[in-house]
Amino acid sequence: MFPEYLIKKLVHMPVTYPISGLIFDVLQRKESKAFKQWVHFLLKTYRDAYHGKRPVIWINAFTPSELVYGLGGIPALPEIISALVAYMGISGRFISNANTYLSTDTCSFYRCVLGLVIEDYLPRPDLIISSSHLCDGANKFFRYLAQFLGCPHLFIDPPYWSDERGKRYLISQIKEVIKRASSIIDIPFSKERMGKAIKLSIEARAYIGKINKLRQAVPAPFSARDGLSYFTGMNIHSLGSKEGLLFHKTLYEEIKQKVENKEGYLPRERCRLLWLHHIRPYYKNEIFDIFDRKGAAVPFDEMSYLYWGDLDPDRSIESLAEKILSNIWAGPLERRTDAILKMVKDYDIDGVIHFSHWGCRQSCGGAGVIGDLLKDRDIPYIVLPGDGGDPQNYSPGQTRTRLEAFLEMLI
Amino acid sequence: MKKIYAGLDVGSLSTEAVILHGDEILGYSIVATGVNTLKAAQESIEKAIKEAGIDRGSICLFVATGYGRNRVPFADKNITEITCHAKGAHFLFPKTRSVIDIGGQDSKAITMDSSGRITDFVMNDKCAAGTGRFLEVMAGALETRLEDMGRQALKAKKAVAISSMCTVFAESEVVSLIADGYRKGDIIRAITEAISQRVFQMAKRLRIEEQITLSGGVAKNRGVVEALKSCLKKKVNVPAEPQIIGALGAALYARNVDKDS
Amino acid sequence: MPRNYVKPVVGWTCTYLPLEILEAGEIQPLRIIPSPSSEKADAYLDPNYCPYIKSVLGEALQKRYSSISGIVLINTCDGMRRLYDALRFYSPPSFCYLLDVPRVEGPIATSYFKERLKEFKEDVGSHFQIEIDSSKIRKAIQEANITRGLLRKASSFMSKANLLKLMAQGWETPRNSFNRKLEEIVKNQEKNHPPRNGPRVLLSGSLIEGSYIAELVEELEGEVIFADLCIGDRIGDAIPLDCEDPLDALSRAYLSKPPCARMWNLEKRIDYIRALIKREGAQGLIYQQMKFCDPYLYEAPALKAELDNMAIPFLPLELEYSGKAGGRTRTRVQAFLEMLDVP
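Chains as they are written, first to last, in our numbering: chain Y, 1 to 411; chain W, 1 to 261; chain L, 1 to 343.
There could be a bad hint or two in this list.
[Unchecked claim] Among the chain W residues that face chain L by a calculated CB cut under 7 Å, a handful are:
no. : residue
1   : Ile79
2   : Thr83
3   : Ile118
4   : Phe121
5   : Val122
6   : Asn124
7   : Asp125
No wet-lab data here; the hints were simulated from the structure. We put the CB at the ideal spot given by N, CA and C, even for glycine.
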């Protein structure tokens, strides 16, 4: 295997990325064009990030990527990199190193990011923008990273309530962030550029809506396995860019084709599951293999839910505020549970799985209420404790037993 | 005339006593603690006294350390095993700046300055992985004697990995590996690596510097010692009797305290 | 649990709630300090959850809060947000309010927070059928300022453990009788605690029931010179009443008071702790990390790095919510004090 220092050097060299792209095109077996577009989007984004051609702005998940594109920067999402690193089977080491600094009770994705930052694997940011509405981790962690890296950090503190007062508060903050960000990255704010990013996002959103509708089909044309990987990846990273629009259009067309041909991703569908939580384990694991083997289709995942309404390119700042405020995982739990009940109905769901990711207080704390709401409606439900990023925290035996027992209840 | 001091380390599994005269260890003992810590403390001190060939009355000061340190009525003072391990290790190896202690039920890492005074410490006393218990459980699963584990680990040929963080899950993994036909020696090597990794991860929270002294019962396991050496990449001392370092430190503390008073 | 109060009693959990508004409405605030009953709430929340929050829910499920008239929560942290949801779903109090407190300071946040305080005042007023006007709020602030001043004075001569116990009494005592009690204590310098020679320790961290860590340090002959805890010295200064609308005063004062780790500004927290260490001459910091308390878990690495720079030893203690120091905690604290006790 390559020695460590060589890998790090390669990661930082912009030329690695187009070359990797070529290798990928030759070797990859997956048919989906949308999948290929995702890989190329990532390679291009990180090539540009390491090239330093445009300012690199790190954001956390749910800070709208449209904001970054609108500012003229390149968004990089360390959390997505964590997922990729886990997928490549090498997250364990970075997480171990981070454990020296951060308690093991915290989210493994953040710890993986810290491990990567400590060893200087990530493209240096010119600015970090984080928003606190999803979780406490986002609150302090990105500030700490900014301190560690010696780079500026801007913070958006969305209100708990999304009424008019809350919206005004958020809009003032976004305006302030845009003002300061533009000065930090030395790119004057352009209403046109921001409007263009919003417009591209609106068009992509229309396709997301259509995709989500198509995913309701029986048999399920698209697995949550992919929904939680490249679909989510593009959903939180690419909106506001041309590539983002193209991706969603391509994916829509692929799924449309499948639905027209009544092509399910499983040869035989014996039940339909809904996956709850924003992620699944990305390192090598059996979970979706078990589902596939048993004929349990997972047509939808909570993370794919289209929670925001139409944006308006002429009111771009207000639109960004509206998008943030519509987030179903912020605010009172009713937002999330109403959406889940709707998903159960729309996707003809037989059973719901709540993946309780270690360290994720905001999501796991809702598992009890969600379960009781579903049980009241006679919908089978199971909580699957696990860890999305740390393979050392994965117990295959326990996972298999729980899932197989659950499926035996349904099939 | 040099005075005689006694140090007692009342651990949750074993109790040690050390009789110190000047710089010389006159005698020491290691007994199982069992359920009665007072009884174990008495037994341990009597045994050490017998070995030292002295009179109980000639002991000037008793200092107790360890989990049961508050329950030794005849102790004049009690201090923590952290301070004691540092003192004991420093006495044996004056150039030591770090101690890694792997006991039956807990493990700890300690850093100290050139005079043996502690500067930082970290403890793992809630998770069995990274302690002697881990080895004990695995020895049971492999139907091997605990004492033979070290030797067998060194003879292993093939690399196998145990990925579970938790002792209970790791045991399941070991059982699966046996069923899959892996050689005992190779599995033992994997177990050794697992425990060493856990200990190393804990120790990494401190600024571990040379020389490093290992203490505790598990330091008798040569496989673990070698595995730790390769993780740490630094000079490692292993005392002839690694289990009495805490009690030795307590006796040294008694000596210091008496000088001051 | 609450004794027989004449006024309605409203429970609270977070010190970012301006109690003055409740007191202005003739409502008795009661800080919710549940007895540890975490396990009962596991199935309703998640086993790997803040034990304080689980205990609150556990008690609510056992109907221990049926005698109080309501609970006000704050979006202090993720756990608190879910507590608000779980309480409303499983054991809804008759008045269950979530006050949105910004995590940032500055004019925009202060103005927003003031709007929410106004809304809160109106909602409380309409629920409890009482008019809460500016003069009542002013009066409540003045009374609260008296408490703040007296507690500061008491802090200068009482041992920390005793001060923490005294403050705990204040959470379930009507303000004016507590102030009178404090006046007596300050006048007579009760429980005067002569300064000791032991290692000087700063206590910082998240909410833990009781004063047991301070007691432990004192038992082991150490000295807790300041308790940077929301159950302790993080009292804040007297609130100035120099503005038209007392809600402006409250908004500004509460957002800018000595910060909890749930606030965004990491630098401010670190500057504050650095200043405390210097001012109080602390030799070491004991960091009470309640298990699964994310704001403090995520703050710890930056704090540790700063303390390393200052060459100040740092002891993180992972603690349950309950009020007993087990053998493991005792060993660590004792070893830490042994480490600091350099003759």
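Do the hints match the structure? See the list:
1. Interface hint at isoleucine 79/W: satisfied, since its Cβ lies 6 Å from the closest Cβ of chain L, which is below the 7 Å cut-off.
2. The interface hint given for threonine 83/W holds, since its Cβ lies 5 Å from the closest Cβ of chain L, which is under the 7 Å cut-off.
3. Annotation: isoleucine 118/W was flagged as interfacial toward chain L, and the flag holds, the nearest CB pair being 5 Å apart, inside 7 Å.
4. The beta carbon of phenylalanine 121/W comes within 6 Å of a beta carbon in chain L, closer than 7 Å, and the hint placing it at the interface holds.
5. About 9 Å separates the beta-carbon of valine 122/W from the nearest beta-carbon of chain L, more than 7 Å, and the hint is not met.
6. Interface restraint check for asparagine 124/W: the shortest CB-CB distance to chain L comes to about 10 Å, outside 7 Å, so the restraint is violated.
7. With a cut of 7 Å, the hint placing aspartate 125/W at the interface with chain L holds, because the nearest CB-to-CB distance is about 5 Å.
Of the numbered hints listed earlier, those contradicted by the structure are 5, 6.
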